[in-house]
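Sequence order for the protein chains is A and B. So in this note's numbering, the last spot in the first sequence is 391, and the numbers never skip. So in this note's numbering, the last spot in the second sequence is 649, and the numbers never skip.
In short, the hints are calculated from the structure, not lab data. Just so you know, these numbers come straight off a predicted model, no measurement behind them. Each hint should be verified, as a subset may be incorrect.
Said to hold, decoys possible - Incomplete in silico selection of chain B near chain A, CB under 7 Å:
no.	residue
1	Phe381
2	Ile383
3	Leu386
4	Gly388
5	Leu433
6	Ile435
7	Gly436
8	Gly443
9	Ala468
10	Asp471
11	Arg475
12	Pro477
13	Gly478
14	Val526
15	Val530
16	Leu543
Idealized CB from N, CA, C, for every residue including glycine.
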Amino acid sequence: MTRMVPLARRNLFQERRRAVLAVAGVAVALLLVLVLQGIFAGAMRQVTAYIRHSPADLVVSQRGVRTMHMSASALSPDTVARARAVPGVAWAAGIDFTTVVVGSASGRQLSYVIGYDPTDRRGGPRRLSRGRAPGRGEAVLDEIAAKQLHVGLGGRVQALGAAFTVSGLFRGGTSIVNTTTFVTADDFARLRGPAVSYVLVGARAGTKPDELARTLAATLPATTVQSRAEFARQEARIVSDMSADIMRIMAAIGFAIALAVVGLTLFTVTLAKLREYGVLKALGARPRRLAAVVAGQAVWSVALSLVVAVALALLVGAVVGRLTPTVQLVVEPADVLRVGLGGLVVGALGAILPLRRVLRVDPASAFRRPS
Amino acid sequence: MRRVPLTRRNLLTDPRRLVANSAGVGLALMLILLLDGLWTGVRSQVTLYEDRVGAQLYVVAPGTRNLFADSSSLPLSALRAARATPGVERASPVRALFSILDLHGKKVAASVVGSVPGEAGGPWAMREGRPPRGDDEVVVDDVLARRHHLRIGSRVEVVGRRFRVVGISKGTAAFMTGFVFVTHAATDELLRSPGTTSVVLVGTHEAGAVRSRLEGQGLTVLDGAQLRAANLQLATKVFGVPVRLMVGVAFGVGTLVIALTAYASVVERRREYGIVKAMGASGRRLLALALGQTLGLAVVGLGAGGVFFVAGRALITWARPQFSVVLTTGGLARAAGAALGMALVAALVPARRLARLDPATAYRGT
């Protein structure tokens, strides 16, 4: 049995430096798309961190308010007590929420400020990395924010127009936009009034959260009741919907550049190997076989470039995460798949011109002396 | 003896390759120009409200630095104090907050402004209709309105309450958020915060003296420059790293495209270059050849980038009018610098190949 010669791969990689440049060019073009997607995916994770780590099954907010980020929710102060009285509710914890600047002598950070009951802890940080929960006049800061504000335990920060002493630190509360600071609900109410922003609700064992959500919505007027997962999904959609236009523009440019590089590479490789194609034709190779060679080159280019682009994206993510801890770059498998599919489309388009050239090759060219 | 223009001839031998190179480099430079232009547009819009609202000073809650990103909450006693201050010609309360609107299944960020009808702080230019007077009335920015098919009489939900559109404002679209105007009383109800406001806009002809008097009463006062600096700082924090990353990647891809084209040309013409070397061309001459070629490609790419940029900007601002793409001489200079940088870096690869080229190549068949 005769073995097929892997012409596509050999043609592409015969001149290694050119192959490296070509793969790198396409890879960097795909990296453009992956990096931007990664930044937005990271922002989505950061924005939803508080709610994803909450022990709540359901979140009650003001009617029509489905998110925390860039949002304001104001509930009647008696909402917590009324929620607790609903059958099937195991616990209900109110939190106060606003976005303000938290400052120290060394800097300022835009921050969610969340007021919660430290004796309950359900509305507070998931776990403290250092120190303890806040008492009166005290605040818990995210570690990254504390570092940027140059304050540690016992340090002083300004928020809500008052001074707070840092009693504890936690992790995972800082995003590309803002950080998160926890104070006591009493301090929050003293400085901003007695309203409750959101109520976190836990369902009793055996209670279906969907049914409980309907009961709560019927019992608590002028509220929106969502499951924790739905609330997180709505939060993530703020980032995805707001970034959709920018994403489309950048992805279009990235793929257009990739198209130019793939087209350039395949065209160059094809021109350099026209005699070989002539030989193949003279030996009786069908157009389908020649087309397969060109298509194989396109697939090789895109596949290798995608691998390099993903590796580069992970590297860029690690470097950026180290240099700028507030920016998280997350490479999601779904994004890689999308970029890969886009890359294949680009590869197919880039192969059209070389393919036409190959199909028009005169078999007699195999016998001509090269110039 | 006349020199043979090898660089130009090599560049122009294969027009299709030149087109592909120009497209690749041009797109990378277009990206750099677009990012620069978008960033300039963002910076020009960060104080859109403050620039148009006609106030010289802003009384805010202590610690506040941004009108919309911070949730400033002031008691109305601050308004009374401001009005009673000598030198204050007008003082108007304004509620300023970000809100997420759900429009046709999309999350749309909006800057909600609550102002007192007839006082400063409301929409500064109307495309059609009138400013809000009733507490169930809203004016929406025209870009937002067009994008979401809102017109006079449409209903919009803001913070869980339905409002009737009575006007469409113009010149009120910022980079990520459009402005939405309601009455101050409506926001009091929405936020369950009667008796408070976010900011007091102060109009005066003696800003310095009035500021001192207001601060003397324990009020926190900001001016336009401070708000601009704080807004810019916030925008830089959010967009700075992604923009710099994108520019870096664009630079990388442009460099690689130039290097690939120049290198492919050297590989394919190694016999000719071998002849040049066999005829005694110095290393400097060969380096000049490589550099000339990459510079030529960069210049052609820069031209293509300019054309792509003009087309891309027209397309973006037509499809998404909220994006302001501003071309500055600084932006152009940076793009030209990037093109030059790409050419210099890209020249390294073909230059090394040429330096190691054996002159005997000239006598080989291929």
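Violations among the numbered hints | As far as the earlier hints go, 3, 4, 5, 6, 7, 9, 10, 12, 13, 14 and 15 are violated by this structure, in ascending order.
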